[in-house]
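Participant: Sequence:
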Amino acid sequence: MLSTATGERLRQLGLLAMATAWQAQIQDPAMTALSCDDRWGLLVDAEWMARMNRRTQRRVQSAHFRLSATPEDVDYTPERRLDRPLLARLFQGAWILEHHNVLITGPAGVGKTFLATAIGWAACRQGFSVRYYRLPMLLEDWALAQADGQSRALVRQLAHYAVLILDDWGLTPLSPTESRDMLELFDARYGQAATILTSQLPVEHWHGVMAEAMLADAILDRVVHNAYLLALQGESMRKQLSPTALGSPPPRPTTRP
1 MLSTATGERL
11 RQLGLLAMAT
21 AWQAQIQDPA
31 MTALSCDDRW
41 GLLVDAEWMA
51 RMNRRTQRRV
61 QSAHFRLSAT
71 PEDVDYTPER
81 RLDRPLLARL
91 FQGAWILEHH
101 NVLITGPAGV
111 GKTFLATAIG
121 WAACRQGFSV
131 RYYRLPMLLE
141 DWALAQADGQ
151 SRALVRQLAH
161 YAVLILDDWG
171 LTPLSPTESR
181 DMLELFDARY
191 GQAATILTSQ
201 LPVEHWHGVM
211 AEAMLADAIL
221 DRVVHNAYLL
231 ALQGESMRKQ
241 LSPTALGSPP
251 PRPTTRP
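The numbering of the sequence shown is UniProt numbering, which starts it at 1 and goes up by one.
Honestly, the hints are just simulated from the structure, not real lab data. Hints may be right or wrong, so weigh each one.
Distance ranges between label pairs, derived from CB positions [what the hints assert, rightly or not]: (1) Asp37 <-> Gly191: 38 to 48 Å; (2) Gly191 <-> Gln12: 43 to 53 Å; (3) Ala153 <-> Trp40: 42 to 52 Å; (4) Arg54 <-> Asp28: 23 to 33 Å.
Even glycine gets a Cβ: it sits at the ideal position worked out from N, Cα and C.
Take the sequences, apply the hints, and build the full model.
Facilitator: Now the structure itself:
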């Protein structure tokens with residue numbers, strides 16, 4: 001009876017994970033072999049872990065990732081030639097506190113977005129605010145903000161995130177206006193926050209993406225010189241997951257009479 005009342009009081013206090021762990025303890029005879037301190041520690045750990053997981057999930061939702069990818073999901077097969085020690089450091093998050101950047105390059109389909117998301121997910125676990133954007137979508141939002149006179153507010157908002165992920169950098173050339181917008185953003189974040197950029201282009205070709213050489217120099221000076229580089233190789237992961245690659249025949253084309 002006392003055990004049941006204790007569990008109910010824990011739930012009333014909002015300690016739901018602790019209440020569940022307490023119920024599991026009183027039903028497990030092996031728990032009687034543990035000291036009071038050990039059992040109490042297990043209860044506190046259960047509540048702490050549940051709360052950390054909920055906070056992580058809220059940060060993940062706020063990041064607006066396109067897909068789900070965690071550090072544990074990364075494929076380290078030799079063909080991909082991933083720098084595992086560097087990835088381990090990035091997953092630990094010190095680069096965020098140092099306000100460094102991460103540049104991920106490689107052909108289409110090699111997993112750039114997946115890897116950027118996994119790094120961002122690790123940052124969410126560590127309590128950092130993260131925001132994911134495909135660059136084309138950000139440029140659209142920026143144009144709308146400028147039309148409404150809210151471009152400054154957008155810069156302040158984007159500068160606030162501890163980690164900003166810009167996917168598909170250099171997919172299309174940047175106009176002079178877009179280049180100036182990017183310079184304003186990177187200048188606001190330089191030395192204050194960390195940024196991840198993914199691109200199909202090697203870094204040495206990024207200069208040509210921007211319309212004006214002086215703007216390109218200023219942007220790259222703020223992005224490249226304090227960055228870690230992950231140059232991905234290998235075949236498209238999408239190709240490996242295609243029905244033909246998995247041994248299934250492709251669907252038959254439909255025909256109309």
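Participant: Decide, hint by hint, whether the structure agrees.
Facilitator: Going through the hints against the structure:
no., hint, in the structure
1, Asp37 <-> Gly191: 38 to 48 Å, "holds, 45 Å"
2, Gly191 <-> Gln12: 43 to 53 Å, "holds, 48 Å"
3, Ala153 <-> Trp40: 42 to 52 Å, "holds, 48 Å"
4, Arg54 <-> Asp28: 23 to 33 Å, "holds, 25 Å"
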